[in-house]
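Q: Which chain is which? The protein sequence lines are A and B, in order. The first sequence begins at 1 in the numbering used here and counts up by one. The second sequence begins at 1 in the numbering used here and counts up by one.
None of these hints come from the bench; they were simulated from the model. These numbers were taken from a predicted model, which means no experiment stands behind them. Please note that the accuracy of each hint is not assured.
Dumping the calculated DSBU-like pairs for lysine-lysine here, alpha-carbon to alpha-carbon at most 35 angstroms [stated by the list, open to error]:
(1) 5(A) / 380(B)
(2) 87(A) / 122(A)
(3) 222(B) / 174(B)
(4) 403(B) / 22(A)
(5) 376(B) / 115(A)
(6) 122(A) / 380(B)
(7) 398(B) / 46(A)
(8) 15(A) / 398(B)
(9) 398(B) / 57(A)
(10) 81(A) / 380(B)
(11) 15(A) / 4(B)
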Amino acid sequence: MAYSKELLEHYENPKNVGSFDKNEKNIGTGLVGAPACGDVMKLQIKVADDGTITDAKFKTFGCGSAIASSSLATEWIKGMKIDEAQKITNHQIADELSLPPVKIHCSVLAEEAIKSAIEDYKKNKNS
Amino acid sequence: MTLKLPIYMDYQSTTPIDPRVIDKMIEVMKNDYGNPHSRSHSFGWKAEEIVEIARRQVAKLINADEKEIFFTSGATESNNIAIKGVAKFYENSQKNHIITLETEHKCVINSCRDLEQDGFVVSYLPVQKNGLVDLNLLEKSITPQTSIISIMSVNNEIGVIQPLEEIGKLCRQKGVFFHTDCAQAFGKIPLDVEKMNIDLMSISGHKIYGPKGIGALYIRRKPRVRIKSIFSGGGQERGIRSGTVPTQLVAGLGLASEIAFNEMSQDNIRITKLSKKFYDALTALTHVYLNGDKDHRYAGNLNFSFAGIEGESMIMAIKDLAVSSGSACTSSSLEPSYVLHALGVDDELAHTSIRFGFGRFTTEEEIDFAIDLIAKKVTKLREMSPLWDMMQEGIDLKSINWKSH
Numbered sequence: 001m002a003y004s005k006e007l008l009e010h011y012e013n014p015k016n017v018g019s020f021d022k023n024e025k026n027i028g029t030g031l032v033g034a035p036a037c038g039d040v041m042k043l044q045i046k047v048a049d050d051g052t053i054t055d056a057k058f059k060t061f062g063c064g065s066a067i068a069s070s071s072l073a074t075e076w077i078k079g080m081k082i083d084e085a086q087k088i089t090n091h092q093i094a095d096e097l098s099l100p101p102v103k104i105h106c107s108v109l110a111e112e113a114i115k116s117a118i119e120d121y122k123k124n125k126n127s
Numbered sequence: 001m002t003l004k005l006p007i008y009m010d011y012q013s014t015t016p017i018d019p020r021v022i023d024k025m026i027e028v029m030k031n032d033y034g035n036p037h038s039r040s041h042s043f044g045w046k047a048e049e050i051v052e053i054a055r056r057q058v059a060k061l062i063n064a065d066e067k068e069i070f071f072t073s074g075a076t077e078s079n080n081i082a083i084k085g086v087a088k089f090y091e092n093s094q095k096n097h098i099i100t101l102e103t104e105h106k107c108v109i110n111s112c113r114d115l116e117q118d119g120f121v122v123s124y125l126p127v128q129k130n131g132l133v134d135l136n137l138l139e140k141s142i143t144p145q146t147s148i149i150s151i152m153s154v155n156n157e158i159g160v161i162q163p164l165e166e167i168g169k170l171c172r173q174k175g176v177f178f179h180t181d182c183a184q185a186f187g188k189i190p191l192d193v194e195k196m197n198i199d200l201m202s203i204s205g206h207k208i209y210g211p212k213g214i215g216a217l218y219i220r221r222k223p224r225v226r227i228k229s230i231f232s233g234g235g236q237e238r239g240i241r242s243g244t245v246p247t248q249l250v251a252g253l254g255l256a257s258e259i260a261f262n263e264m265s266q267d268n269i270r271i272t273k274l275s276k277k278f279y280d281a282l283t284a285l286t287h288v289y290l291n292g293d294k295d296h297r298y299a300g301n302l303n304f305s306f307a308g309i310e311g312e313s314m315i316m317a318i319k320d321l322a323v324s325s326g327s328a329c330t331s332s333s334l335e336p337s338y339v340l341h342a343l344g345v346d347d348e349l350a351h352t353s354i355r356f357g358f359g360r361f362t363t364e365e366e367i368d369f370a371i372d373l374i375a376k377k378v379t380k381l382r383e384m385s386p387l388w389d390m391m392q393e394g395i396d397l398k399s400i401n402w403k404s405h
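Here chain B stands alone, though its shape is the one from the complex (with noise of 0.2 angstroms):
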């Protein structure tokens, strides 16, 4: 088989459509147009059992009651429902506190900062020098105040996976309410809102070889979890999410959710020994280092820093590769990774960060052929790299005083 370029290596942005789910989506588009909401034909009633056989295959893969999901645009919104939902609906029993991480998804973030503008307070707790959260500092942090604690399961830049037992055991003893944000973690790791006590769960389907603009957020129901909707609308999905409900890519997600269900563990067993070859690969060419905790991490995400290369142009430089940058570095801002930063990474090493990743239909070859053109290239780069070669000399760059410009 002749390779395919470039090769997709952004599986962390979005994935590839499984094909089968598309086969699906066809067919629902074809004849199955009814509105699921429409209870005087069978039209709607045949959209309703396609919605709900969908709800009960996302529930499965977290071990949830299906009347624990909801159906939604994706995960920002559902963490925007989550966050601001549980948040302005304890308002009234004195709650006013929120807990998150600095380094989460900016939906999260940005809920966040929303809220504080209403009077809420919240927490950007900083994260330990390999991402993970530090517990005794969470712990110290929850107040009579607190009504919910916001961390993501799996990061989106680095790939690592926080402790969610501990955490969900840490907030079910003081009484606060656990979200989080699973949109890279659904349906690659194993989850089960009941052993991990999570209260609610952002759910996205196009990072799930699903399609865009779906996601589902899952909410409990013992003990209940009371939401204020930020929706107004005919009160679909129990009142927590109006609108119509898109049978087609809600069958979508249902599909990609059950395949994930039977086939995450061989997946991972693939990726994982793609992810090793490749990292074995990559720190040999020294001066590599992976960003965020070796063995805590989803094997699909790897964020590595190249010293003495900056990160743009070594995406020009290995184009055939379809990767991105943890640094902003191609907008205006030229700030390296806000993520990367709350990691303590130096900025000269966030100025050089790249995420790969890889996913169901990532092929050895593949991998191969990445490997070969990133360690031609990082020579190439090196060789034309002032700061390589003060590092080769051993100069400390810290010891030059730089003019910042």
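Chain A on its own, in the form it takes in the complex (with noise of 0.2 angstroms):
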């Protein structure tokens, strides 16, 4: 399967590979996929007063497209609004990759990793 310029420096030179304290009140953290599937993502937001996210981090188990479909979404959600990065779909991810349509749900993994850090910082914040 050949893959594009953009997915293969995501995937050799992955962005943001890391963690953060899970119970800081600042940090949203969603864990998606299951292992049975080979994929589980893990992504982490560090959010500021203003509701900015100022920084994020993942790991990800799973494919070169998983890998590199979870880097690019650490890279564009820094500096968004929490807001504006609910909005990202997966489709923009795809494209940006240019994912072979097997892969499709590698993006969709990581959709539903930024709505769900996104929806666990907004708990962590109101406990």
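Using the supplied hints, reconstruct the complex from the two chains, each of which is provided in its own coordinate frame.
A: Have a look at this one:
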């Protein structure tokens, strides 16, 4: 399978690999996917009081497309307000990386990971 | 010598052709283009002589008689002819039951599925955790209606060797024919149709440093195994497999068999040494598991699962090594390997499996390079794996309520 230059770049030099302490109040953690399906994505955001995502990190168990999708997602959401990040769709990610049809689910997972991290952040903040 | 990349480590899918075999085939193509079935001129006679020499060379490697060797296009065709041919011939004598294993090659499984459509009954036996057949279960599964048992010698995905002698003995006692798919075994491990009571054996050319598109089927003469031909045509290969025998391919298979006969033991000593070095280095990375029995195996096939790493990303990371994933995750199905499933390997570990193959042309330098590369990439990919983190924290992955997608 031939992958795009963008995808290979994100796969070989992934951006923002790492973790934050999930118990901190300004952190939101999204964990999506399942080991049995061959993909698990953990995406974390650090959010400032004004709702800006100041930093993002990920760890992904999955194929090259899954790793690239999560790397791209973290790059994109850094600096965004959470409301903006909420609007990122899997199509945007799939287009940017030119994902082949069988790998579209990787971009779906990245979208879900962003949404799930934001939801977790809101829950954390209000708890 | 500088290392040439990528390194070929996919010897189970096919092997490079031995240069001696290439020379032989070119010679035959240049000079001996006659049809081996032409009886009216010397071109035909010469080609026939080449085919008969090759038949002896193949027979010698498994201690068979040359009259028991039939050339086919490869092991897939041989498996089809053997299973369907025997089942259909003995259907008339009230035998309609076939036994095979869940871990067989697709061409065996699907031949059996076809027969089920025609009303035959097939038992697909589970295997033990180590990939080997449960002999007690096999014995219990035999009924008076069983005509044939088909069990492969060396598994293509995980390399385990089934207990052929014990299976053969059981089959003979019970009066059931024993067919074995030897695509991965012929020319690699010692095989003896007499000692092992093998009644039919499928053979492939391109797995033993010979050409693609040629194989053979061994069919026992004493006691005679009858088969109903599934091919209609000019009656070549004594009616078993009609179609012009491709002289140059047969000559290639013959010479490849002769070379295997002479060099198998020294090849195996070398391959076993490389395999051990590779095994020791990979298992030292921790949480790397060998799939299939550690001892009852062909040393040139090691299938590992790397905990915390997904197979396809691993293959991308080690793209300087030509390997294949046991998991079909590059296809749209996303199903992990049915063979590993049959062994009871957890889905997440089945998703991380990679098969490494070594053979006659693998060098120690290549193995050293592969070990270094794999060690580096395993560390890198685990650092980015959320599952690896959880395992390090002692979290049982099964305790988490994952949402399947």
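Q: Could you run down the list of hints and mark each one as holding or not?
A: Structure-based check of each hint:
Annotation: proposed proximity of residue 5(A) to residue 380(B) holds, straight-line Cα distance about 21 angstroms (limit 35 angstroms). With a C-alpha separation of about 16 angstroms, the suggested pair residue 87(A) and residue 122(A) falls inside the 35 angstroms cut-off, and the hint holds. In summary, the hint linking residue 222(B) to residue 174(B) is supported, as the alpha carbons are separated by about 16 angstroms, within the 35 angstroms threshold. With a C-alpha separation of about 20 angstroms, the suggested pair residue 403(B) and residue 22(A) falls inside the 35 angstroms cut-off, and the hint holds.
A distance of roughly 33 angstroms separates the Cα atoms of residue 376(B) and residue 115(A); the hinted pair therefore holds under the 35 angstroms criterion. A C-alpha spacing of about 32 angstroms is found between residue 122(A) and residue 380(B), which places the hinted pair at or below 35 angstroms, so the restraint holds. Simply put, residue 398(B) and residue 46(A) have alpha-carbon atoms about 29 angstroms apart, close enough for the 35 angstroms limit, and the pair holds. Among the hinted pairs, residue 15(A) with residue 398(B) is consistent with the structure: their alpha-carbon atoms are about 29 angstroms apart, no more than 35 angstroms.
At roughly 25 angstroms between alpha-carbon atoms, residue 398(B) and residue 57(A) fall within 35 angstroms of each other, so this suggested pair holds. With a CA separation close to 31 angstroms, the supplied pair residue 81(A) and residue 380(B) stays within the 35 angstroms bound. As the CA atoms of residue 15(A) and residue 4(B) are separated by approximately 31 angstroms, the hinted pair is consistent with the 35 angstroms bound.
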